[in-house]
Every structure is written in structure tokens, then in C-alpha cells.
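S.K.: Sequence:
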Amino acid sequence: MNRIETIFDELAADGFQLVDVQRTTVPTTFKTKVLAAADKQIALLAQKTDAAQLNYASKGNSGKYWWGTKPVNNQRLVRVYVANRLLYQNMQAIRVPNTVDSVRHAILAIRAKAEARSEADWEAFAKRREQARNKAAAKK
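Per the working numbering, the very first residue in the sequence shown carries number 113; after that it's consecutive.
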């Protein structure tokens, strides 16, 4: 039998000791994911000292940063990404002056608004988000 499910049985037969592993962490709530994503952006910004350091190549970085790849008219867009996806489709962005402090201020404001929402509100939103994603995928 060459089923994947038998790998650990085979390892036990080879003399390895098997142990049952219990989940040690509680599943992460969507609100926690949003706040953690904001915290990650704030930490990334702590490494930046001037606006030129905010620029990045878009290829391969989609969803990695909440701020736009480059300034337009000395302003930069800030969007919210969670798990490398926009928070929701057709989401609006915040336009801020092209400075590290302005981008940081916008992300801190987004984080504060997100934190003020209840867990129940975020979980309901996460369900709607997933339903919309599934619906869009079904159309393809």
C-alpha cells in the first residue's frame, strides 16, 4: 500500500516513536489577522527613514506592503492587505503625502479603527469576504 496516509505507520515500523500532537494554539480570529498585518507594516516602516525607501518593484510584492509602489504627484496610496489579498474587492485607498511618517500615521489610524470593531463584526465580515471570493471564483 503506497497511500500517503500510511507514511507514519511505515515510520513506526521502521522504529520511529510516534506521538500524538495536540493543537497548542487557538485558531486565529480574522480581527487578530488584520491587527497582526497592521503591526507587520508598522514594523517594516520602522526600518525606513525617507520616502525613497518606500519604493519597491510591484512584481512579486503584491500584497506585501500596504503602501503604493511609488508616489504619484508626491502622494502615496495606502491600502489594507490580509494574507496577501486586499481586505475586500474594490476597496478604497487612503491618499497621503509621500513621507514615511504620513504612511505610518495612516496605518496606525487604520489599525485603531480595526481594533475598535468587535470580534463578531470581523468574523461576519470574514464570512462575507469568503462568500464573495467563492462567488467570483465560480464565475471563472
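Accuracy of the hints is not assured; some may be wrong.
[Stated by the list, open to error] Derived CB-CB ranges, DEER-like:
(1) L147 with R245: 18 to 24 Å
(2) Q187 with L147: 25 to 31 Å
(3) R197 with D121: 35 to 41 Å
(4) R245 with Q187: 41 to 47 Å
(5) R207 with D233: 22 to 28 Å
(6) I119 with K225: 44 to 50 Å
(7) N246 with L123: 32 to 38 Å
(8) G175 with K252: 39 to 45 Å
Hints were generated in silico from the structure; no laboratory data involved. All residues carry an ideal CB built from backbone N, CA and C; glycine is no exception.
S.K.: Hints the structure violates: just list their numbers, smallest first.
M.R.: Numbers 4 and 8 - these are the hints that the structure violates, sorted from lowest upward.
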